[in-house]
Every structure is written in C-alpha cells, then in structure tokens.
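Engineer: Residue-level listing of the chains:
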Amino acid sequence: MNSHRRQAIERGAAGAPLCAVADVRYAPPRRRSVARRKATDLVIKGFSWIGASFGIAVMGFIVWEVVVRGAGALDWAFFTQPTPQDVTSSAGGFANAIVGTIVITGVAALIAIPMGFLGGVYLAEFGRNGRIATGVRMIANVVMGVPSIIVGVFAFAIIVKPLQHYSGFAGSVALAFIMLPVMARTTEDILNLVPNELRESGLAMGAPRWKVTLGVICKAARGGLITGASLAIVRVAGETAPLLFTVLSSPYWMTGLFGPGGFFGGPVANLTKTIYDFSGSPYPQWQELAWGGALVIIIAVLGMNILVRLLFQRGKQW
Amino acid sequence: MSTVELDASPSTGAPRGAAQAAPRGHRLRLGDPIFRVLATACGLALAVAMFGLAGVLVYNSWPAISGLGTSVLTTVAWSPVDHQYGALAALAGTFLSTLVAMVIAVPLALVIALLLVELVHPAVARVVGTAIEMLAAIPSIIFGMVGIFVIVPFIQDKLVPWLLSTPLGSLPGIKPGAQFQGGGVSIFTAGVVLAFMVLPYITAVSRDVLKMVPQVTKEAGYGMGSTTWEVMHKISLRYANSGIVGAVFIGLGRALGETMAVAFLIGSLFTSLPHSLFDPGTSIASLIALTFSEATDKIQVSALIELGLILFLITVVFQILAQAWLRRVQRSTGGRA
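In the order they appear, the protein sequences are chains A and B.
So the number in my numbering is just where the residue sits in the first sequence, counting from 1, plus 6.
So the number in my numbering is just where the residue sits in the second sequence, counting from 1, plus 399.
Any given hint could be a false lead.
[Unchecked claim] Taking lysine-lysine pairs in the DSS-like style, the calculated list, with each CA pair at most 25 Å apart, reads:
# : chain 1 : residue 1 : chain 2 : residue 2
1 : B       : K574      : B       : K557
2 : B       : K633      : A       : K44
3 : B       : K610      : B       : K574
4 : A       : K44       : B       : K610
5 : B       : K697      : A       : K167
6 : A       : K51       : B       : K610
7 : B       : K633      : A       : K51
It is worth saying that the hints were derived from the structure and are not from the lab.
Okay, chain A solo, but in the shape it has when bound (with noise of 0.2 Å):
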C-alpha cells in the first residue's frame, strides 16, 4: 500500500491526483458539455453490452455448431460399438472411447481426489498463513497454470520412459497432476467458508482435531466438497493434450488390467484423442463420429458443469 501511495503522490506531480476519490475532485477542469459527456456514456454501455452479447453469442454458437453437426451420429451404434477399423465399414461407434475415457479418469480422480483434499485440509486447517503453506498455496496456484501438455511431457518421462510402452494408467498419472492442485485449493476455499464456532465447539467437546475436521467442518462443507470434486474431474475430462503421448489411442477395447490391451499395459481408446484423429482424417462419416464424439464432452460437460453450479447455489449457507 506504501508503494502505492508513493506511485500516487509521483503521478500526483503531474497534476494527476493522490487517490481515486479526489481524482475527481481535482481533474483539470476540461470544458465538455453535458450532452457530450451523456453521448459518450451511452457510447460506451452499447460497446459494453455488444461485447457482452459477442461473447455469449459465441458460446452459444459454438455449443449450437457442434450440437447440429453432432447430433446424427448420436444412435446406438454410437453408444455400443468400438471405433471402425476401416472406412469401409459403415458401423462403428464410439463406445470403446466412452469407456476407456471414463476409466482413465475414474483412475485419475482416484489418485487425485483424496490427496488433493488431504492437501486441502493442511491448507485450511493446519498450515494457514504459515510460511510454508503460504508457499504451498503460490506453488498450487502456479501448478493450475501449467499448460496441460508439459503434464503430458511429464507423465511421459516418468511412466511411458522407464516402462517403455504407453498406457492408459500414465495418462491417469498426467490428469491427476492437473487436478490436485485443482482440488486442494477449491478443498481450501470450502472449508475457510466453514464458520470458526463450528470448529471451536467441537474442539470444546473434546473430540480430536481429526474428528472435528472430517466429521464436523467436512460434514458442514460436503456440498461444496462435492462440487469442487466433480468440478475437477470435469475440468480434465475433455483434456486431450496430455493424453497425447501417454495413453495414445486405440481402435480396440480396453481388454483388462496389464496385456498389452489393458489398462497398464498398453494404449487405451479414449474420447479426446479418438476425436482428435476422426476430426482430422478425410472420410465424412469418421468426421461425423468425431462431431458425435464432441457433443457427447459437451454435454457431459456442460450438462454437470450446469448440475453441479444448481446444487451448489442451493447449498450455498456457508
């Protein structure tokens, strides 16, 4: 704030004042009628509202792209039959993609979730504003802006390396890297909103700070807990780029655990990547998979983006 103040008082030599407040006060007087001054408000609340109405417009427009061009390839081949092998054959779905998608993420939410929230809770309840957990909070912050490819690049030097062969576990590795962070912060967040009373009366009760954590404030908080976990799932769903050189892709279906077609074992189909290929290969009716593929993500997430905001406003005391 001093470095502030002191800002101020430099630009103050100029004739520009010490604070937003007097910054009206003491404006050079410049001559501007009224009318004027009302045109170029009225101005700027149209270029407000256009920009506005731009971007919903676009939202809108990309969720309508993707539903029309979608929606034909959405049948029950879609929901039941493995990528096509060929482009000769006219049947094939995406369904392999959908269950190897949901399993790589299960996986990654596995990981991710318990420890992310672990981690949450040292956050708010033992490091608090100590040094080191000050520390933890900056790191976790700069950890959700990595691009998610280097996660990519980093689940590849440490699994797919050493291991020599890809797999759907080393893309569950890279998704849960995004998501801790993701999740200790929001954990964090929830469980600050807890008031403190509800804390002090349990330790007042004698019951151990383990208790009042996970039976009291986490009990109070669950609502946003659950949110905050479905948000972070949701939020590496649609990732592609660091499935790219980890899991790979796979025309077939996952066939188990290790093998060179099971989880750990080798490249697992996926939803993201699956669309990525479809979309860039020349034949239509992969390009139409591929757009049946897209509506599907953006209906799970959209759909429980919009699910989970419902409950949570309902939810919202703390």
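Please build the complex by placing chain B on the supplied structure of chain A, with the hints as guidance.
Structural biologist: Same frame as chain A, now just chain B:
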C-alpha cells in the same frame, strides 16, 4: 472428565462424528498426529510435484541443452532428418498468436466485466457471468474443431479478401504469402480462437477485482455528477488497475500454453518464420503435440522437452507475476475497503 463430555454430546445434538468421540482417550491421541502428518504430506506433495516436474524436464532436456546449445532458440531450421532443431518459428508463432489473442480478449473482457459489475442487475450479471464462465469449461479440442470447420472458411473466404480490398490490406504483415491458401489456417485464426478461450479467465478475475472497489468511492464519483462511464474509467478502472494487470497475466499464461485448438488452426509450418499474421506458423505447444509421438531420434525428443521446459518457465513466470499482483491488490484493498 471425558465421561462428562461423552454423556453431554448426544444430548446437545452434536454431529455424529463428535458424538462418536470414542471411549478410549489414548487411542485418539494417535489419530491426531497421523492425520496431521498425512494432511501435511499431501500439502507438501503439491510442492514436490511442481519441483519434480521442473527437475524431470531439465533432466530430460539436458542432452539437447548441452548438445544443441542455443541453436534451438536462435535458428529456424527444423529438420529431424538432418538433426536440425531450430524452433525460432515456434517461439515467434507462440508470441504472435498470443498477441492477437490478447489484443482481442483484453478489451472485450474489460467491457464485459464492467457491464457485469456496474450496469446490469445482479441477477442478470450472475446469469451472464455463468454463461461466460461456461466458455472456460468447453474443452480445447472443441474450439479447435469449430475453428477448423467454421472459422477458417470464414476468415479465408470473407475476412481476408475484405481486408485486402481496404487500405489496411497494404500494411505490412497483412497480405498472406502467395504460397499459402489465403490466410484461413494461420496465426491470426489461432489467435482469434485463443481470444475466446482466455476471455472467461480474464473476465472472471477482472470482475472480482472490480467488485472490490468500495461502493462509497464510486458513490462519491456519482455524487460529483459523473456519468457511469466517468466513474468506471476514472475510479473503478484506476482503483482496480493492478488487479486487472494480474487478470491479463493469467490470460496470457493460458494463451501461451494452449495446445489443441492452436494445433488445429495454426497450420503447423515449422520451417519458416511468418511474414504476415495470415501466414501459417506453429507454436511451442502445438509443435510438441504434433511431433512428440513420432519423434524417434533421442535428441529430437530431448529438444522437444527443452521447448516444453521453456514454455513451462514462461508460464510459471507469468503465473507468479499474476499471483503477486493480485495479492498486492487484495492487501491494499483489504486495508481500504
């Protein structure tokens, strides 16, 4: 003492967790340290993960850093067959596409944030704000698909011919190279789509910062007879100045590292520097995305990881700057509000 509590807790209707506060005192004393250590370990795991990531990137890019020297950053030749890995074109493409994105996204995000905070009814603001935040939830690959099937044809068939027919077309850096297909798949297109991908982030942060401007300060402005716009730009924007800088940094970090949409749209031209915004090019992230899984040569993999390391460092710097700016704002407004 503990028996008294045990008797009391069910009758006060305390949550079940507390009521179950088990009968044996000393068993509980172990629970606490374990829980504490577990939580702390998970918190520290975040930091370890970040430093692990940096370490792994440095370790794996070392062959390229020591073997290729600075040629990765200073030369344009990208030819795995000849073992040449100059990624200057990727650096140029990354910065140009980000620049285009920011030029479009920042003013748009600012007017939207001002509208949400100052002009509309809070209920409307919430709906509009949510809709724009939803943009952030749409996966990158979908932006890429819509971009390639819809926006590319529009820019190629409508925008570029129109631009070239106006005086703007004679400016340097506008006319697409003759050997390329009319500017559809280009750095500019990638930038336009990037703009909409980072818009929600910049809007959300600027909105939150603008909300922190104290109502009294604004009312003082209105009291002096200022119009809404005058209050906005002389009070709100000035007050929220550094917070908005933080918002822009966050958007910048996102735009620099965005991969899939750019990989679809930028044209994947690795071997020459762009002469025009409407020329194809490549970005660091899309170069990695498109060539990594085909890279067989060890030094190529290493060079790509080195590029990843550079991108990582750039985004980390922008993130840290953004956090620092925003923290400063919070502290200063927290003091005043």
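Engineer: Take the hints in turn and mark each one as holding or not.
Structural biologist: Verification of the supplied hints:
1. K574(B) with K557(B): holds, 14 Å
2. K633(B) with K44(A): holds, 15 Å
3. K610(B) with K574(B): violated, 43 Å
4. K44(A) with K610(B): Measuring from Cα to Cα gives roughly 24 Å; hence the hint holds.
5. K697(B) with K167(A): Status holds; Cα separation ~11 Å.
6. K51(A) with K610(B): holds, 18 Å
7. K633(B) with K51(A): Roughly 15 Å separates the two Cα atoms, so the pair holds.
Figure legend: structure checked against the earlier numbered hints; the only hint not met is number 3.
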